[in-house]
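Can you make the complete structure from the sequences, with help from the hints?
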Amino acid sequence: MNNNWINIMVETNRVKLTKEQYFWHYAIIPFFVFITLLNLYSVFQIEITHTYTGVRSTKEHLLVGLPWLIPAALFGYIQYRRLRFKKFKVILTSEEFKKAVEDAGNEMNWNFIRFNSKYVIAKTKFNWYS
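No gaps in the numbering here: position 81 of the sequence shown is 81 in the numbering used here, and each next residue is one more.
Just so you know, these hints were derived from the structure itself, not from any lab.
Here are the computed lysine to aspartate or glutamate pairs in the EDC-like style, where the Cα-Cα straight-line distance is at most 20 Å: (1) Lys59 to Glu47; (2) Lys87 to Glu107; (3) Lys86 to Glu107; (4) Lys87 to Asp103; (5) Lys125 to Glu102; (6) Lys118 to Glu96; (7) Lys118 to Glu95; (8) Lys123 to Glu102; (9) Lys123 to Glu107; (10) Lys86 to Glu96.
See the structure below:
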């Protein structure tokens, strides 16, 4: 993480991810979309190529496949919103700020990367509940 990224994050109020982080952050969404794509492929076989040999109709494929786009969109929206900064407006001296951040970091198992009077960059380990 360089100063250019920090400036971008401060301007956009969002966390900027590397390509790997971006992939893992949104990794759940392709699973939902994949189910829809499998059903749409069967619809393509039924309606366009006429090579489908199964027993389900186009309507059944669409009724099963398309609803999976709802959780895909929902998870996409949730994951997008999770990248916003958490802001706290408080009036503290530099020492009070430092003490409060250190206490919060120790309580939440933060690994500090950068820590100054304007912002704190910290990482946490993976947690299913965060």
